[in-house]
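2 protein chains.
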Amino acid sequence: MYLEKINSPEDIKNFTAQQREELAAEMRAAMLKRASVHGGHFGPDFGIVEAVIALHTVFDSPKDKFVFDISHQALTGRKDAYLYAEHYDDVSGYTNPEESEHDMFNVGHTSTSISLATGLAKARDLKGDKENIIAIIGDGSMSGGEALEGLDTAGEMDSNLIILFNDNDMSIAEVHGGMYKGFKELRDTNGKSERNLFKAMGLDYRFVADGNDAEALIAVFDEVKDIDHPVVVHIVTQKGKGYKFAEENKEDWHWHMPFDIETGEVKQPMVDPYAEQTAKTFLQMAKDDEKFIAISAATPSSMNLTPARRQELGNHYIDVGIAEEQAVAMASGLARNGAHPVFGDYASFFQRTYDQLAQDVCVNNSPATFLVFWASMYGMNDVTHLGFYDIPMMSNIPNLVYLAPTSPEEYQAMLDWAIPQEKYPVAIRVPHMMVGSSNRPVRKSYDELNKYEVVKEGSRVAIIGLGNFYNLAEDAAVKLKEHGIEATLINPLFISGQDKDLLEKLKANHELVVTLEDGILDGGFGEKIARFYGADKMKVLNFGLAKKFYDRYDYEALAKENHLTAVQVAEDILANL
Amino acid sequence: MYLEKINSPEDIKNFTAQQREELAAEMRAAMLKRASVHGGHFGPDFGIVEAVIALHTVFDSPKDKFVFDISHQALTGRKDAYLYAEHYDDVSGYTNPEESEHDMFNVGHTSTSISLATGLAKARDLKGDKENIIAIIGDGSMSGGEALEGLDTAGEMDSNLIILFNDNDMSIAEVHGGMYKGFKELRDTNGKSERNLFKAMGLDYRFVADGNDAEALIAVFDEVKDIDHPVVVHIVTQKGKGYKFAEENKEDWHWHMPFDIETGEVKQPMVDPYAEQTAKTFLQMAKDDEKFIAISAATPSSMNLTPARRQELGNHYIDVGIAEEQAVAMASGLARNGAHPVFGDYASFFQRTYDQLAQDVCVNNSPATFLVFWASMYGMNDVTHLGFYDIPMMSNIPNLVYLAPTSPEEYQAMLDWAIPQEKYPVAIRVPHMMVGSSNRPVRKSYDELNKYEVVKEGSRVAIIGLGNFYNLAEDAAVKLKEHGIEATLINPLFISGQDKDLLEKLKANHELVVTLEDGILDGGFGEKIARFYGADKMKVLNFGLAKKFYDRYDYEALAKENHLTAVQVAEDILANL
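These protein sequence lines are chains A and B, in that order.
Just so you know, the first sequence maps onto residues 36 to 612 in our numbering.
Just so you know, the second sequence maps onto residues 36 to 612 in our numbering.
Please note: incorrect hints may appear among the correct ones.
Identical copies look the same in the list; a pair holds intra-copy or inter-copy alike.
Said to hold, decoys possible - Below are the DMTMM-like pairs computed for lysine to aspartate or glutamate, each with C-alpha atoms no more than 20 angstroms apart in a straight line:
hint, residue 1, residue 2
1, K216, D193
2, K486, D239
3, K48, D95
4, K583, D482
5, K516, D193
6, K279, D115
7, K516, D160
8, K219, E282
9, K572, D607
10, K162, E457
11, K326, E166
Hints were generated in silico from the structure; no laboratory data involved.
Values in this document were obtained by computation on a predicted structure and should not be read as measured data.
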């Protein structure tokens, strides 16, 4: 076995072709075993094994610098985390300079590698250094605006920069966009087609038909090493290569839950009930409303829109590929011409669309609907995918009505109201999957903007529990009751505006207003309540997360650290009465 | 004279070629006269006159729908504002559906037209309608990620969509990026070159060599009218056509102050002193520090980097074109490889880069510097270019040190500290041009994060005047003195964090803390102070702008509306003691 003995790229430089083949097989075996237990990104990582071996054979990392796009394919320097079960959890799943000297950046969003690499290259030139800079990017990521802007800048540079274009003819789901016709032609013509995006962007270009052939890759890498101008090396790889189920069902195996290696079956299947509810609502709306249209930016799984469901939606569904700016601006255009568009994506990826939300949608007051999934401290916990910065980012954009449902029933009512209405741009902060059903009556129309719901009238203390944290408000109220306090319970429903009449009325028989939000406090919901009562004698306590980047945290520990358990909330309230 | 008699596109449909030529001349004469008095966008508008005439000759607006990119070239339905001096101020300078039925959107940022048009087209198809959808976009805007994402989606669509690509070989300044090599080849080969970005994106393509020849344009528009798939019509126009000075100096005449028609000389030259200070600092730093590099995204004028200065900066300057995502991510790459990058742009355009600031820069803690110009209610006052939403957007991103200088001296100290340091990502909110010199001592290092400056110790009331509004704090304090109150005056310097020790100390002999910020209150600076004192008896008053979109407002009226005069601030303080 080679893998256990490799401790640096030096150790494989003199491998024979045969040894490289065996190493690739060992790597896939280790990756398969770990993935079956641990879950994680799968297909793209299996496709790029030979390319990584070839890169380390030809180039000298970390002097030569690799920048992986999204970066879950980058395993260099992490052998133990793939070989030994007790170390499976030691690594982040993305590049991270603190984990490996071969990692340049902590990245997890798509389409960044070329732009970051242009910066490395330009800095190298300023310093008079000579290393190779290599950006690695998949075809799915190429549709993102940041990647295309980076390609354009690269096309004007005049020193070493190598862009390894890893084309497996897939995004997370199937690829979408006109550029993929061009990539197909390039694959079909052995790189000879005139329809060449890279040449159109002013770049030199090489093609490798079999990107899973390490020897072919080494030959072309040797050719472009130390090149004096930017070049794109287009390699064709097979997503999921080496594992039958992943080769056959590429979308399912882009990222995968722990599974049985023999059958490929997931050990503990899990579907986000809110994703499922969303998909079912869409299928019904597509039948009832000719103007309905659902938009995805390459993450149909966020809404559990399986291939069969996408087919059923037909003309009422569009996937624009990894292109969030396009998704949001297109939604504005759709609304302007009378359609009822809804765009759903993970919270972290909405960060790509601040300007489109503000300018294309909200300045125009275009009645499009946006579904923000996994906006919660109980969502993805990689630092690059955190979903709880959305309230500062989105709720402070004028005209946007940002809603926070507290149950599946309320989410349904908000969907049913938001999508067909033609007055407001609306975003809905979809609850995290543990937020369960409720018997509380549900409001049907949200036309009366910023009207909060008083669920229970009490006195002395009023607790405003926003969205996911309404349940925490209820739990804290139970604790307070043990101390003889009957707190008022409020479900605010609206993140983006304040119910000033209600806040005014609370002054009559309350001395403390408490806000709970599942997101960072800075720029968030609670601070606006603190401002409202700023010059009044009413006390205000805001609960939420401290403004920080958190990485692979323990959910319970994070809650405790930020005083977000019912006991802590109640204690803090009592201490301030 | 034709122009005065035209009231709708119908009126020019049967014009002869001769009449169209005369109309174009009349339009240019009216535009020239107005621009000489009123100022505004110039070069691009003069270049596209024939294209607009040809569009209205062939297509039937508003049934057929035009979407102008940035949209200052769209004058349809605004005749009076160009013919009669008393109406010069009646229109916004951008498309606005409230001004003209021929306008589809209220836009002002670049690179949006294709994405918006794909939405219009898709909605049309859902409804079974048949109109033509025409996106108009300049070559300068084509480098923006949103435009490229839009092009990619368009390349997969299969119904009518016409993209009029107006190529005048200029952005605001000269164009930058590899794609422009391709556009030049297309111009040089009469559209025949293989290096064709549009074909690479899966699109059909037509070329018109003289885009200022209305007859040639009409011929090709007739050809593509009612086409059943997306097509790009590439036309070559002359920026500034018809006015000698604008033809000769395209960058100066992209947008122009009021000028003398005979000499082309600006009547009241005005240079933002902070832009000038920035440019001079850069020129010096480029001499002193081999690692220094200034980045622009097609707005070198924001930093008064004239062509001569850009040449002097040489390798220490890069313009990435209209590509703010690239600019910010590249800055991160530059910092990671040891350079000292600084990217300056107008506040409104930073909106394009939320995710790059958060992910590419701040998650990586890359020590790059960002200069945010015209972030003020005293900046651009078109709704699409407002610069005062930056504090909620930027200051709530973890790790970013966002500084607010209160004078040119402090701005200089912050530039001198931020650019060479290698610890923090730093943004500086550049003061608006009326913020003058001060004799106050200036801090040299900002390494002690979030340490506010107490300029004057007083009691009862503490006024925290952020950045541009520090002077307002001083003026309000003068008013308070008339009422016997010696207020404490604080220059916080840091937007992105609180000086908790100081805030704690203020409790000893103050009953009211006042915050003043030149931006919207929601998600801003003051609310964090309100949160800090939420459960304390300290009163807090936050002054700033209400969260709204404002359009072409009067500065004084807006200040009054939001209680932002010294007299109002003092009155509100007194009323709350």
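Here is what the structure says about each hint:
no., hint, in the structure
1, K216 <-> D193, "between (29 angstroms within a copy, 13 angstroms between copies)"
2, K486 <-> D239, "neither (59 angstroms within a copy, 51 angstroms between copies)"
3, K48 <-> D95, "within (9 angstroms within a copy, 67 angstroms between copies)"
4, K583 <-> D482, "between (35 angstroms within a copy, 19 angstroms between copies)"
5, K516 <-> D193, "neither (71 angstroms within a copy, 63 angstroms between copies)"
6, K279 <-> D115, "neither (25 angstroms within a copy, 70 angstroms between copies)"
7, K516 <-> D160, "neither (67 angstroms within a copy, 58 angstroms between copies)"
8, K219 <-> E282, "within (19 angstroms within a copy, 43 angstroms between copies)"
9, K572 <-> D607, "both (18 angstroms within a copy, 16 angstroms between copies)"
10, K162 <-> E457, "between (56 angstroms within a copy, 16 angstroms between copies)"
11, K326 <-> E166, "between (54 angstroms within a copy, 17 angstroms between copies)"
Of the numbered hints stated above, those contradicted by the structure are hints 2, 5, 6, 7, listed in ascending order.
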